[in-house]
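There are 2 protein chains.
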Amino acid sequence: MAERGRGWARAVRGLLLDVSGVLYDSGAGGGVPIAGSVEAVRRIKASGLKLQLCTNETQATRESFVRKLRALGFDISVAQVTAPAPAACHLLRERGLRPHLLVHHDLVPEFAEIDKTNPNCVVLGDAAENFTYANLNEAFRLLIGMEKPVLISLGKGRYYKETDGLKLDVGAYMKALEYACDIQAEVVGKPAKRFFESALAELGVPPEQAIMIGDDIVNDVGGAQQCGMRALQVRTGKFR
Amino acid sequence: MAERGRGWARAVRGLLLDVSGVLYDSGAGGGVPIAGSVEAVRRIKASGLKLQLCTNETQATRESFVRKLRALGFDISVAQVTAPAPAACHLLRERGLRPHLLVHHDLVPEFAEIDKTNPNCVVLGDAAENFTYANLNEAFRLLIGMEKPVLISLGKGRYYKETDGLKLDVGAYMKALEYACDIQAEVVGKPAKRFFESALAELGVPPEQAIMIGDDIVNDVGGAQQCGMRALQVRTGKFR
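Chains as they are written, first to last, in the UniProt record's numbering: chain A, 1 to 240; chain B, 1 to 240.
Among these hints, one or two may not hold up.
[What the hints assert, rightly or not] In silico DSS-like cross-links for lysine-lysine, where the CA-CA straight-line distance does not exceed 27 angstroms:
{"id": "1", "chain 1": "B", "residue 1": "K238", "chain 2": "B", "residue 2": "K116"}
{"id": "2", "chain 1": "B", "residue 1": "K193", "chain 2": "B", "residue 2": "K50"}
{"id": "3", "chain 1": "B", "residue 1": "K116", "chain 2": "B", "residue 2": "K45"}
{"id": "4", "chain 1": "B", "residue 1": "K193", "chain 2": "A", "residue 2": "K238"}
{"id": "5", "chain 1": "B", "residue 1": "K161", "chain 2": "B", "residue 2": "K116"}
{"id": "6", "chain 1": "A", "residue 1": "K161", "chain 2": "B", "residue 2": "K148"}
{"id": "7", "chain 1": "A", "residue 1": "K116", "chain 2": "A", "residue 2": "K161"}
{"id": "8", "chain 1": "B", "residue 1": "K161", "chain 2": "A", "residue 2": "K148"}
{"id": "9", "chain 1": "A", "residue 1": "K148", "chain 2": "B", "residue 2": "K238"}
{"id": "10", "chain 1": "A", "residue 1": "K68", "chain 2": "A", "residue 2": "K45"}
{"id": "11", "chain 1": "A", "residue 1": "K116", "chain 2": "A", "residue 2": "K50"}
{"id": "12", "chain 1": "A", "residue 1": "K50", "chain 2": "A", "residue 2": "K193"}
[As the list claims (entries may be wrong)] Listed next, with one range per pair, are the computed distances between beta-carbon atoms:
{"id": "13", "chain 1": "A", "residue 1": "E197", "chain 2": "B", "residue 2": "G36", "range": "38 to 46 angstroms"}
{"id": "14", "chain 1": "B", "residue 1": "D182", "chain 2": "A", "residue 2": "E63", "range": "57 to 65 angstroms"}
{"id": "15", "chain 1": "A", "residue 1": "S47", "chain 2": "B", "residue 2": "E186", "range": "46 to 54 angstroms"}
{"id": "16", "chain 1": "A", "residue 1": "N120", "chain 2": "B", "residue 2": "F239", "range": "23 to 31 angstroms"}
{"id": "17", "chain 1": "B", "residue 1": "Q225", "chain 2": "A", "residue 2": "K193", "range": "18 to 26 angstroms"}
{"id": "18", "chain 1": "A", "residue 1": "N120", "chain 2": "B", "residue 2": "Q225", "range": "32 to 40 angstroms"}
{"id": "19", "chain 1": "B", "residue 1": "H105", "chain 2": "A", "residue 2": "K193", "range": "29 to 37 angstroms"}
{"id": "20", "chain 1": "B", "residue 1": "R93", "chain 2": "A", "residue 2": "E186", "range": "25 to 33 angstroms"}
{"id": "21", "chain 1": "A", "residue 1": "G48", "chain 2": "B", "residue 2": "E138", "range": "24 to 32 angstroms"}
By construction, these hints were calculated from the structure, which means they are not laboratory data. We treat Cβ as the ideally placed atom computed from N, Cα and C, and that holds for glycine.
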């Protein structure tokens with residue numbers, strides 16, 4: 001067992017870490033770090049392992065997300081964060097799509113360079129309080145009016161844990177629109193294979209030399225395994 | 001064909017009519033009757049056919065719903081309306097369930113006699129503007145905190161037509177909660193077999209002598225056919 005353990009560890013050159021529920025619990029005032037996580041990140045970096053944060057966070061731009069993490073004590077740069085909004089922008093450009101955004105106010109700047117006139121798709125993020133009936137209905141009407149409705153969802157999480165309790169995640173609203181329009185959303189972010197692949201590309205490490213660590217059995221563990229990575233589920237965050 | 005037509009018509013003793021999209025389009029100021037529908041109801045009643053309205057309307061009590069229809073010119077009584085909220089109250093009593101209500105404000109009086117302390121289930125109706133993120137999250141937290149979550153949905157419609165356009169219906173929000181909690185809702189109202197059966201019981205007519213007329217292929221037509229009734233889909237309302 002000891003031999004096997006050492007061999008396994010020796011082959012690992014990169015770590016992908018989920019953030020919410022692994023490094024911190026989000027919430028009012030920026031949230032709180034999970035016990036030991038600041039020190040863990042410091043030691044990972046000191047060990048020479050490559051580190052990339054692989055998050056479905058869509059309530060803030062990567063820049064403000066990193067500012068928040070740094071304020072909590074994590075020594076992280078913007079380049080070390082793989083997040084759904086930049087991946088969605090890449091896809092929108094690639095396919096000439098002009099989005100109607102149903103996202104959190106603080107995420108909107110990520111789409112500053114994207115043409116949003118006369119929308120031919122809907123991009124759905126974790127809009128939280130922005131998920132009013134009027135806003136969801138507006139997205140629904142746009143989709144049902146399209147000849148071929150295109151719904152791009154920045155993740156498909158069921159819920160996540162904030163400091164004051166569990167919160168509905170974007171996946172629930174994705175399901176609402178899928179059902180109302182009888183369509184299937186395209187998911188950007190975890191567990192999409194392409195998303196993990198771009199995180200690995202940032203890391204410069206092949207999947208068999210990387211480990212994903214997260215609190216979500218589907219989005220973190222399942223997604224990473226489909227990419228040929230090993231994965232670990234932590235017992236913090238939304239783990240029940 | 002003529003013989004067959006006559007024989008078919010002769011066997012019909014009762015009509016079940018959907019309301020929204022068949023008799024009227026709902027909307028601001030009470031909505032507007034669909035052309036010819038007031039006269040059609042008058043003639044059905046004059047013909048001696050029995051008539052029952054079979055609606056998934058959950059934005060008002062049956063009493064105020066009937067007041068609205070009468071103001072539009074329909075000669076209808078409360079006893080001629082089969083609606084989900086009274087059916088849900090029956091089920092709640094039968095099973096000793098105490099609901100948390102996520103419904104339209106105007107529907108709340110239907111549940112006046114029901115014990116709502118310390119909820120052990122969630123009842124979901126077409127809450128419209130009440131479908132805020134906070135309210136949906138509250139229902140979600142109650143459900144996810146139950147040992148065996150019970151979600152009762154007053155219908156599972158995708159959308160309906162109001163005078164100012166299409167609106168998301170309760171079914172979309174039902175799917176959101178089903179997905180978030182990994183559960184299956186129990187549907188009261190169309191297309192539930194039990195709901196059609198109680199409408200037929202009100203009518204006093206067996207299924208083979210009744211016809212359901214509606215604008216929804218799943219909830220009206222499919223539901224009625226599963227009950228052994230014939231059904232017709234109109235081309236008004238949400239028909240596309």
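A quick look at each hint next to the structure:
1. Under the criterion of a C-alpha separation no larger than 27 angstroms, the hint pairing K238 of chain B with K116 of chain B is inconsistent with the structure, at around 35 angstroms.
2. Annotation: proposed proximity of K193 of chain B to K50 of chain B holds, straight-line Cα distance about 20 angstroms (limit 27 angstroms).
3. For the given pair, K116 of chain B sits about 40 angstroms from K45 of chain B by alpha-carbon distance, which is inconsistent with the 27 angstroms threshold.
4. A hinted pair counts as satisfied when its Cα atoms are at most 27 angstroms apart, and K193 of chain B with K238 of chain A does not qualify at roughly 38 angstroms.
5. With a C-alpha separation of about 32 angstroms, the suggested pair K161 of chain B and K116 of chain B falls outside the 27 angstroms cut-off, and the hint is violated.
6. Proximity of K161 of chain A to K148 of chain B is assessed by CA-CA distance (about 21 angstroms); at most 27 angstroms being required, the pair is judged to hold.
7. Distance check on the hinted pair: K116 of chain A and K161 of chain A sit about 32 angstroms apart at the alpha-carbon level, beyond 27 angstroms; violated.
8. Simply put, K161 of chain B and K148 of chain A have alpha-carbon atoms about 21 angstroms apart, close enough for the 27 angstroms limit, and the pair holds.
9. Between the alpha carbons of K148 of chain A and K238 of chain B the distance comes to roughly 19 angstroms, so the proposed pair stays at or under 27 angstroms and holds.
10. Restraint check for K68 of chain A and K45 of chain A: satisfied, since their Cα atoms lie roughly 19 angstroms apart, inside the 27 angstroms limit.
11. Restraint check for K116 of chain A and K50 of chain A: the C-alpha separation of about 37 angstroms exceeds 27 angstroms, so the hint is violated.
12. Between the alpha carbons of K50 of chain A and K193 of chain A the distance comes to roughly 20 angstroms, so the proposed pair stays at or under 27 angstroms and holds.
13. Checking the proposed 38 to 46 angstroms range against E197 of chain A and G36 of chain B shows it is violated: the Cβ atoms sit about 59 angstroms from each other.
14. Roughly 35 angstroms separates the CB atoms of D182 of chain B and E63 of chain A, a value that falls outside the hinted 57 to 65 angstroms.
15. Checked against the given bound of 46 to 54 angstroms, the beta carbons of S47 of chain A and E186 of chain B, roughly 53 angstroms apart, stay inside it.
16. Hint check: N120 of chain A to F239 of chain B, Cβ distance near 25 angstroms, so the stated range 23 to 31 angstroms holds.
17. Evaluation of the 18 to 26 angstroms hint for Q225 of chain B and K193 of chain A yields a failure: the beta carbon distance comes to about 42 angstroms.
18. Take N120 of chain A and Q225 of chain B: their Cβ atoms lie about 37 angstroms apart, and the range 32 to 40 angstroms holds.
19. With their beta carbons about 45 angstroms apart, H105 of chain B and K193 of chain A fall outside the hinted range of 29 to 37 angstroms.
20. Remark: the range hint 25 to 33 angstroms for R93 of chain B to E186 of chain A is contradicted by a beta-carbon distance near 45 angstroms.
21. The beta-carbon spacing between G48 of chain A and E138 of chain B, approximately 47 angstroms, falls outside the hinted interval of 24 to 32 angstroms.
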